[in-house]
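There are 2 protein chains.
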Amino acid sequence: LSYMKILALGCGNIGSVAAKDFAKSMSSVKVVIADKESAKAREVAERIDVDNVSWMRLDASNTTELLNALKNFDLVIGFLPGKLGYGLAKACIAAERDLVDVSFMSENPLALNEEAVRAGVTIVPDCGLAPGISNILVGHALSRLDSVQDVHITVGGLPEKATPPLGYTITWSPESLIDEYSRRAMIIRNHEEVEVEALSGLETVIFPEVGELEAFYTDGLRTLLSTVENARSMWEKTLRYKGHAEKIRLLKELGFFDEKPVEIDALSLPPRRLTAKLLELKLRKPEIKDIVLMKVEVCGFEENKRIRYVYRLLDRYDEERGITAMARTTAYPASIMAQLTLKKLIKQKGVVPPEKIGMKKELFDTILAALERRGIRIREEIVD
Amino acid sequence: LSYMKILALGCGNIGSVAAKDFAKSMSSVKVVIADKESAKAREVAERIDVDNVSWMRLDASNTTELLNALKNFDLVIGFLPGKLGYGLAKACIAAERDLVDVSFMSENPLALNEEAVRAGVTIVPDCGLAPGISNILVGHALSRLDSVQDVHITVGGLPEKATPPLGYTITWSPESLIDEYSRRAMIIRNHEEVEVEALSGLETVIFPEVGELEAFYTDGLRTLLSTVENARSMWEKTLRYKGHAEKIRLLKELGFFDEKPVEIDALSLPPRRLTAKLLELKLRKPEIKDIVLMKVEVCGFEENKRIRYVYRLLDRYDEERGITAMARTTAYPASIMAQLTLKKLIKQKGVVPPEKIGMKKELFDTILAALERRGIRIREEIVD
Numbered sequence: 095l096s097y098m099k100i101l102a103l104g105c106g107n108i109g110s111v112a113a114k115d116f117a118k119s120m121s122s123v124k125v126v127i128a129d130k131e132s133a134k135a136r137e138v139a140e141r142i143d144v145d146n147v148s149w150m151r152l153d154a155s156n157t158t159e160l161l162n163a164l165k166n167f168d169l170v171i172g173f174l175p176g177k178l179g180y181g182l183a184k185a186c187i188a189a190e191r192d193l194v195d196v197s198f199m200s201e202n203p204l205a206l207n208e209e210a211v212r213a214g215v216t217i218v219p220d221c222g223l224a225p226g227i228s229n230i231l232v233g234h235a236l237s238r239l240d241s242v243q244d245v246h247i248t249v250g251g252l253p254e255k256a257t258p259p260l261g262y263t264i265t266w267s268p269e270s271l272i273d274e275y276s277r278r279a280m281i282i283r284n285h286e287e288v289e290v291e292a293l294s295g296l297e298t299v300i301f302p303e304v305g306e307l308e309a310f311y312t313d314g315l316r317t318l319l320s321t322v323e324n325a326r327s328m329w330e331k332t333l334r335y336k337g338h339a340e341k342i343r344l345l346k347e348l349g350f351f352d353e354k355p356v357e358i359d360a361l362s363l364p365p366r367r368l369t370a371k372l373l374e375l376k377l378r379k380p381e382i383k384d385i386v387l388m389k390v391e392v393c394g395f396e397e398n399k400r401i402r403y404v405y406r407l408l409d410r411y412d413e414e415r416g417i418t419a420m421a422r423t424t425a426y427p428a429s430i431m432a433q434l435t436l437k438k439l440i441k442q443k444g445v446v447p448p449e450k451i452g453m454k455k456e457l458f459d460t461i462l463a464a465l466e467r468r469g470i471r472i473r474e475e476i477v478d
Numbered sequence: 095l096s097y098m099k100i101l102a103l104g105c106g107n108i109g110s111v112a113a114k115d116f117a118k119s120m121s122s123v124k125v126v127i128a129d130k131e132s133a134k135a136r137e138v139a140e141r142i143d144v145d146n147v148s149w150m151r152l153d154a155s156n157t158t159e160l161l162n163a164l165k166n167f168d169l170v171i172g173f174l175p176g177k178l179g180y181g182l183a184k185a186c187i188a189a190e191r192d193l194v195d196v197s198f199m200s201e202n203p204l205a206l207n208e209e210a211v212r213a214g215v216t217i218v219p220d221c222g223l224a225p226g227i228s229n230i231l232v233g234h235a236l237s238r239l240d241s242v243q244d245v246h247i248t249v250g251g252l253p254e255k256a257t258p259p260l261g262y263t264i265t266w267s268p269e270s271l272i273d274e275y276s277r278r279a280m281i282i283r284n285h286e287e288v289e290v291e292a293l294s295g296l297e298t299v300i301f302p303e304v305g306e307l308e309a310f311y312t313d314g315l316r317t318l319l320s321t322v323e324n325a326r327s328m329w330e331k332t333l334r335y336k337g338h339a340e341k342i343r344l345l346k347e348l349g350f351f352d353e354k355p356v357e358i359d360a361l362s363l364p365p366r367r368l369t370a371k372l373l374e375l376k377l378r379k380p381e382i383k384d385i386v387l388m389k390v391e392v393c394g395f396e397e398n399k400r401i402r403y404v405y406r407l408l409d410r411y412d413e414e415r416g417i418t419a420m421a422r423t424t425a426y427p428a429s430i431m432a433q434l435t436l437k438k439l440i441k442q443k444g445v446v447p448p449e450k451i452g453m454k455k456e457l458f459d460t461i462l463a464a465l466e467r468r469g470i471r472i473r474e475e476i477v478d
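Residue numbers (this note's numbering), protein chains in the order written: chain H, 95 to 478; chain U, 95 to 478.
Don't take every hint at face value.
[Said to hold, decoys possible] Derived EDC-like pairs: lysine to aspartate or glutamate, alpha-carbon spacing no greater than 16 Å straight-line:
1) U:LYS371 / H:ASP359
2) H:LYS371 / U:ASP352
3) H:LYS177 / H:GLU269
4) H:LYS443 / H:GLU269
5) H:LYS130 / H:ASP153
6) U:LYS371 / H:GLU347
7) H:LYS376 / U:ASP352
8) U:LYS336 / H:GLU357
9) U:LYS438 / U:GLU456
10) H:LYS371 / U:GLU353
11) H:LYS371 / U:GLU347
12) U:LYS124 / U:ASP153
13) U:LYS371 / H:GLU353
14) U:LYS371 / H:GLU357
15) U:LYS376 / H:ASP153
16) H:LYS371 / U:GLU357
17) U:LYS371 / U:ASP352
18) H:LYS336 / U:ASP143
19) H:LYS371 / U:ASP359
20) U:LYS124 / U:GLU140
21) H:LYS341 / U:ASP143
22) U:LYS341 / H:GLU357
23) U:LYS346 / U:GLU274
24) U:LYS371 / U:GLU391
25) U:LYS376 / H:GLU209
26) H:LYS376 / U:ASP143
27) H:LYS341 / U:GLU340
28) U:LYS379 / H:GLU347
By construction, these hints were calculated from the structure, which means they are not laboratory data.
Produce the complete structure using the sequences and hints provided.
In structure tokens form, the structure reads like this:
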């Protein structure tokens, strides 16, 4: 293992936390951080300040450059923007390199399964919080049930307290936030796959740690729509402080999320661009600590008895290291999954979504123990 | 009177309704409609289709051109954008021509009083609905009271029914609407002049004709702040359907009304410009009929007895002529006031705000009768 090298592609908040975690966990592996801006890659690598971390310049949107670079690595962890995720997966297959990915690509990664099997590589997509940990938990519950009925995921990253004006602070990209609120969500209702508006299906839910919240549909099921068969109902909802959805819906209805450019004198501008900029200016408040909440419920039958698995996660800002709960719960699963892949503990070839990994008892226990060592504790409750 | 000529400056919705009303009321007077775009002036004049109406090109922002043109007229009715109103008043004084004005100028027109007196001209500013009719009603009540205590004006133009997403449709300019929501309001509280945020002072009010509405401070007192002496409290509030203020406040807090440009790649754009454009696109719904509501309350003492004058106005869309209630209640007072001025029934020289005219019983009765002939009925209630 002493000569192994991995490539961490993408230098954002998540990428740098994951790279550091990986480098400290596997000190015999070389971790190279890459970004298309060398100054950025260098700065992040220097800030991480761990011996086995270095940096390089790499423009992942240039396929030739990407394919050339991949040859030198045993595994890739991808933290690229959604629009580059699918291309990275294809490049990894072509270069015959394993990939653990966190980019929220809009394409279906399972479409690459056959190619990946043929190339003999393992591609684990959607390795963050949700999709990510949520899939692992669903997979585990599925492995124990004889048949599944309902899969309900509620998840959200929030400021510790409802912060005006939206009860929300931004810990990730405002463009992605607007995407989440604009993209129609696929859910299963009465055994049928249906498309619903994001922000619809609004309901009040209670999380004892913070009180009353609201939850609404967002598009987070992704690979679960293919891997979970015969479910009666299945959805993901996003959690926010009460009143948030109504305000977001107002912005949406007034056209502030529109992608179609609006003409203003000689200028032409998609309203969404300005909105993203204003949300960045007004909602980015690093001084406000965040929390992450998730509840995953899987109902079904075990030996003809109805049973319900309920998983709860509450994570908080890491004061000591200055890491947001959102970065912790997204970056650590990616780092852990990359370690398992590099150690060949994940043996399956092809595109292997996290729920498939959660189905293996041993891997599930290993992942949950690794999360717990990092302070991310998942409580399981089994309700007859 | 047969050779008299008046100039109607500004060709918008209000200007054209007022010009037509004036031309039909005084058929022996020539009415010339002017705009800096000749095509626009011509089109409006042709649409009015009354014999004594013609048009000319005139750029009111060019002082020389304006002064030259004024010589040919006996009176001017001004419907220019707020930023040109003060300049027009100064030009009328220089040219020794009377002016009845509806532009919502940000300068204090009373500052021109001495000059206007010296020139022997009559300048009546703020001759619309509010300021305008509201001032006339306040003036009338003041003339009957020995001393005044409170002056409270609530006024609003609304769609007949609360229309999503803001419970509001636009009948005037979105830029002016944003101004109204941004400009701090001057009010009198405990005998002191204080500045308050627009949209503050939110309360629920009931108008029997439409039900529960909300009202909040906007900057509408203007000349009343100088002409009403020793009031204990004085304010104007704008009426909207419930929930509107909170939504507008959200847009304001998120920076969508900011005038300071935001940089987006190579572009630099004041967010307010985009917001005005989106409000224009989403809230301009000519198919939805509007209503105008106003309540003016003046409290004080008469022969040592406390007394309260309450005036109520409800106006509706004119189906027959296709004129909005907002245009009716703004344009008709201007036309009526211009007629009184041209007929020399208003004898006072200088800057004469409408409340001064409302104080004269005969003029007040004449104005109210003229409004009533146009279907605008004001109910007076006197409460001991």
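Okay, the hints, checked on the actual structure:
Simply put, LYS371 (chain U) and ASP359 (chain H) have alpha-carbon atoms about 10 Å apart, close enough for the 16 Å limit, and the pair holds. Pair hint LYS371 (chain H) plus ASP352 (chain U) holds up; C-alpha atoms about 13 Å apart against a cutoff of 16 Å. Distance check on the hinted pair: LYS177 (chain H) and GLU269 (chain H) sit about 12 Å apart at the alpha-carbon level, within 16 Å; holds. For the proposed pair LYS443 (chain H) and GLU269 (chain H), the alpha carbon gap of about 33 Å is over 16 Å, so the pair is violated.
Restraint check for LYS130 (chain H) and ASP153 (chain H): satisfied, since their Cα atoms lie roughly 4 Å apart, inside the 16 Å limit. For the hint pairing LYS371 (chain U) with GLU347 (chain H), the CA-to-CA distance comes to about 14 Å; that is within 16 Å, so the pair holds. Of the pairs offered as hints, the one joining LYS376 (chain H) and ASP352 (chain U) holds, with about 12 Å between alpha carbons and a cut-off of 16 Å not exceeded. As the CA atoms of LYS336 (chain U) and GLU357 (chain H) are separated by approximately 32 Å, the hinted pair breaks the 16 Å bound.
Distance check on the hinted pair: LYS438 (chain U) and GLU456 (chain U) sit about 13 Å apart at the alpha-carbon level, within 16 Å; holds. A threshold of 16 Å between alpha carbons decides the hint, and for LYS371 (chain H) with GLU353 (chain U) the separation of about 15 Å falls inside it, so the pair holds. For the hint linking LYS371 (chain H) to GLU347 (chain U), the alpha-carbon distance of about 14 Å falls within 16 Å, and the restraint holds. For the suggested pair LYS124 (chain U) and ASP153 (chain U), the alpha carbons sit about 20 Å apart, so the restraint of at most 16 Å is broken.
For the hint pairing LYS371 (chain U) with GLU353 (chain H), the CA-to-CA distance comes to about 15 Å; that is within 16 Å, so the pair holds. With a C-alpha separation of about 8 Å, the suggested pairing of LYS371 (chain U) with GLU357 (chain H) holds against the 16 Å cut-off. Among the hinted pairs, LYS376 (chain U) with ASP153 (chain H) is inconsistent with the structure: their alpha-carbon atoms are about 41 Å apart, more than 16 Å. For the hint linking LYS371 (chain H) to GLU357 (chain U), the alpha-carbon distance of about 8 Å falls within 16 Å, and the restraint holds.
The hinted pair formed by LYS371 (chain U) and ASP352 (chain U) meets the criterion: a straight-line CA distance of about 14 Å does not exceed 16 Å. Restraint check for LYS336 (chain H) and ASP143 (chain U): the C-alpha separation of about 56 Å exceeds 16 Å, so the hint is violated. Annotation: proposed proximity of LYS371 (chain H) to ASP359 (chain U) holds, straight-line Cα distance about 10 Å (limit 16 Å). Only pairs whose Cα atoms come within 16 Å are accepted, and LYS124 (chain U) paired with GLU140 (chain U) is accepted, the gap being roughly 15 Å.
The hinted pair formed by LYS341 (chain H) and ASP143 (chain U) fails the criterion: a straight-line CA distance of about 47 Å is larger than 16 Å. Restraint check: the Cα-Cα separation between LYS341 (chain U) and GLU357 (chain H) comes to about 25 Å, which exceeds 16 Å; the hinted pair is violated. A C-alpha spacing of about 12 Å is found between LYS346 (chain U) and GLU274 (chain U), which places the hinted pair at or below 16 Å, so the restraint holds. For the given pair, LYS371 (chain U) sits about 36 Å from GLU391 (chain U) by alpha-carbon distance, which is inconsistent with the 16 Å threshold.
Note on LYS376 (chain U) and GLU209 (chain H): the hinted pairing is violated, with a Cα-Cα distance of about 48 Å set against a maximum of 16 Å. This hinted pair does not check out: LYS376 (chain H) and ASP143 (chain U) have alpha carbons roughly 52 Å apart, beyond 16 Å. Proximity of LYS341 (chain H) to GLU340 (chain U) is assessed by CA-CA distance (about 10 Å); at most 16 Å being required, the pair is judged to hold. At most 16 Å may separate the alpha-carbon atoms for a hinted pair to count; LYS379 (chain U) and GLU347 (chain H) meet this at roughly 15 Å.
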